[in-house]
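Q: Start from the sequences, fold in the hints, and give me the full structure.
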Amino acid sequence: MNLESGVGRMESFLRGRRDDGAKLLVVYITGGYEGWEAAVETAAAAGADAIEIGIPFSDPVMDGPVIQEASQAALEAGATPSSVLAAVPNLDTGVPHAVMTYYNLAHHPGHERFAATLANSGIDAAILPDLPLVESGPWRQAAAEVGVETIMLAAPTTPDDRLPELCAASQGFVYAVGLLGVTGERSTLASTATEIAKRCKNVTDKPVLTGVGIGSPEQAVEASVVADGVIIGSAVVRRLLDGGGADGVGELVASYRAALDAG
Amino acid sequence: MVMTDPNKEGRFGEFGGRFVPETLIPACEELETAFRDAWADPAFVSEFHRILNDYGGRPSPLTECYRLSEQLGVRILLKREDLNHTGSHKINNVIGQALLARRMGKSRLVAETGAGQHGVATATAAALLDMECKVYMGQVDVERQELNVFRMHLLGSEVEAVSSGSQTLKDAVNEALRDWVATVENTHYCLGSVMGPHPYPWMVRTFHHVIGDEAYEQCMKLMNRVPDVVVACVGGGSNAAGIFSGFADTNARLIGVEPAGGAAVGRGVPGVVHGMNSYLMQDEVGQVQEAESISAGLDYPGVGPEHAYLSSIGRAEYPAVTDQEVVEAFQLLSKTEGIIPALESAHALAWVVREAATLQDQAVLLNLSGRGDKDVDQMMDVLGTENNQ
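Order-wise, the sequence lines are chains D and C. Position one of the first sequence corresponds to residue 87 (our numbering), numbered consecutively onward. Position one of the second sequence corresponds to residue 17 (our numbering), numbered consecutively onward.
Don't read these hints as lab results, they were simulated from the structure. Think of the CB as a built atom: it goes at the ideal place given N, C-alpha and C, for glycine as much as any other residue. Take the hints with a grain of salt, since some may be wrong.
As the list claims (entries may be wrong) - Ranges of calculated distance between the beta carbons of each label pair, as one might list FRET restraints:
no.: 1; chain 1: D; residue 1: Pro224; chain 2: C; residue 2: Glu45; range: 16 to 26 Å
no.: 2; chain 1: D; residue 1: Ser277; chain 2: C; residue 2: Val398; range: 53 to 63 Å
no.: 3; chain 1: D; residue 1: Ser273; chain 2: C; residue 2: Val392; range: 40 to 50 Å
no.: 4; chain 1: C; residue 1: Glu45; chain 2: D; residue 2: Gly208; range: 35 to 45 Å
no.: 5; chain 1: D; residue 1: Pro224; chain 2: C; residue 2: Met120; range: 27 to 37 Å
As the list claims (entries may be wrong) - The calculated lysine-lysine pairs, modelled on DSBU-like cross-linking and capped at a C-alpha distance of 35 Å, are:
no.: 6; chain 1: D; residue 1: Lys287; chain 2: C; residue 2: Lys24
no.: 7; chain 1: C; residue 1: Lys237; chain 2: C; residue 2: Lys351
no.: 8; chain 1: C; residue 1: Lys24; chain 2: D; residue 2: Lys284
What the hints assert, rightly or not - Some chain D residues judged to face chain C by a derived CB distance under 7 Å, without partners named:
no.: 9; residue: Asp145
no.: 10; residue: Val147
no.: 11; residue: Gln154
no.: 12; residue: Thr166
no.: 13; residue: Pro218
no.: 14; residue: Ala241
no.: 15; residue: Val268
A: Written as structure tokens, this is what we have:
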């Protein structure tokens with residue numbers, strides 16, 4: 087992060103893409119799952135604007151069945167925060183990287199140490215879905231000191247009076263949670279997705295991306311009418327679980343990219 | 017007071033807090049406000065106690081164990097939570113939370129359960145107050161607690177077997193949280209122990225305070241003094257918190273007994289899971305470990321944050337006992353007093369038996385948190401059907 091301006095690599099990269107007129111596409115992949123590194127690279131090559139790398143945790147309360155299954159498989163294959171992060175510097179993506187994991191994996195080694203590990207591994211930003219704004223101060227400070235942006239989640243239930251503070255605290259982008267529920271594809275886009283994105287856009291000029299519940303390129307386009315873009319996770323991971331491999335992920339991401347570019 | 021209200025961030029010392037997804041923060045705030053409001057309303061408190069008395073069977077008796085006391089050389093008094101409706105202390109908390117949920121306009125309860133006691137109690141309260149109810153239970157527990165699963169069905173609740181992770185209590189909590197994240201507008205999460213995000217640890221302890229209040233009065237009446245030791249088993253720690261709260265400001269020793277395979281306090285490593293910062297069994301990088309105990313109700317790798325606090329300030333002690341000691345205590349109470357305890361409660365007795373030499377002539381108040389009927393099937397496997405020991 088540029089400590090002078092307070093704007094980190096994730097945010098400046100995504101702002102740049104938005105200013106160029108693009109709708110943003112962030113792709114989540116579970117770190118440590120078989121073939122994940124190649125999947126990250128093909129996702130980036132197929133048009134992802136940033137990659138979100140999941141560090142598997144034993145108790146992923148914000149995740150639905152698909153990401154739970156991939157996390158469990160990765161843990162059983164021996165994935166650890168260190169093993170996932172050690173692979174990141176070798177990934178050839180050309181786009182910013184965030185990690186998505188749960189707070190205990192930052193709490194256990196200590197904020198300073200975990201933040202430094204992220205920074206040293208080429209991670210630009212962190213998403214900790216079980217660390218809400220009210221508990222996030224000490225972590226955000228430790229992360230900011232080593233230039234790691236903390237992306238905060240805004241939920242459909244977040245009241246109007248807290249939203250400006252939440253968006254102001256969020257760095258990189260604002261993660262608008264599209265529905266009441268855990269990660270996973272849904273057959274239609276929830277009406278809450280547009281509402282929360284609109285509410286966020288009203289109080290911040292940071293990129294606002296909608297995630298949770300995006301199940302098709304058409305839904306991504308629909309969500310991006312108001313939001314600056316979308317985050318896709320379960321749809322991508324399901325390709326990996328179904329044996330689609332990096333090529334399957336590349337095809338899927340390309341279909342979202344094409345739909346978003348066509349508007 | 018030692019066991020007082022948490023601070024405004026929901027912390028007991030450094031423990032507690034509210035570590036849940038943003039989606040649930042407003043629900044936790046709403047719950048805290050509703051609970052403060054209800055508990056200050058004499059009509060709510062009076063209805064709570066009326067149901068606990070007329071329906072739940074309170075006050076529960078204090079039973080002096082003459083034969084066992086003579087055998088061990090320790091004066092043992094049992095607080096008989098096993099005699100409550102549904103067979104354990106759990107009914108206190110669920111009646112409180114179900115009344116609160118109704119007051120908040122919620123029509124549906126979700127709950128997690130380990131041994132099934134909290135699930136049965138929640139299903140009971142849902143039937144009583146005409147609410148929809150879904151109970152999450154680890155697949156492993158569904159198999160070892162078949163009878164309680166059937167009871168919940170009889171009471172009109174849905175039971176969902178959780179096959180993720182270790183398939184026990186911690187995974188049932190995860191699944192109940194996931195349900196609540198999606199249904200928070202009409203659903204109350206009826207959490208079963210003094211754990212989870214603020215205000216749960218404090219609220220659940222408050223609903224169980226009645227155990228400690230009654231026991232204090234009963235001890236004064238019987239002995240005109242407080243006992244030397246107050247002992248209870250600890251998984252999440254609700255029955256212990258309830259009875260401790262009556263004696264925290266006296267000079268009685270407070271002992272919370274953990275299973276050796278789930279000794280969160282004993283291992284003393286702070287961590288954050290299920291909405292709280294507390295002691296947590298975890299590996300060297302912070303992955304939560306699976307607890308292993310003969311008792312499904314104590315198969316939990318964490319502990320309520322107030323217990324972590326009481327341990328950190330030295331006010332309560334948290335020793336661990338082995339499954340073997342528990343099995344022996346289970347049989348001992350059955351044979352000497354004609355009381356079959358829950359395997360959970362047998363942990364408390366196992367500690368008394370082990371420490372009997374150091375407790376000679378002392379008065380020990382033991383919270384008999386539940387009855388053992390639910391465990392009989394499992395104990396037939398452990399002991400064999402022709403057990404003549």
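Q: Hints first: check each against the structure and report whether it holds.
A: Okay, the hints, checked on the actual structure:
no. : hint                              : in the structure
1   : Pro224(D) - Glu45(C): 16 to 26 Å  : holds (21 Å)
2   : Ser277(D) - Val398(C): 53 to 63 Å : holds (54 Å)
3   : Ser273(D) - Val392(C): 40 to 50 Å : holds (47 Å)
4   : Glu45(C) - Gly208(D): 35 to 45 Å  : holds (38 Å)
5   : Pro224(D) - Met120(C): 27 to 37 Å : holds (32 Å)
6   : Lys287(D) - Lys24(C)              : holds (31 Å)
7   : Lys237(C) - Lys351(C)             : holds (28 Å)
8   : Lys24(C) - Lys284(D)              : holds (32 Å)
9   : Asp145                            : holds (5 Å)
10  : Val147                            : holds (5 Å)
11  : Gln154                            : holds (6 Å)
12  : Thr166                            : holds (5 Å)
13  : Pro218                            : holds (5 Å)
14  : Ala241                            : holds (4 Å)
15  : Val268                            : holds (5 Å)
When each numbered hint is compared with the structure, no violation occurs for any of them.
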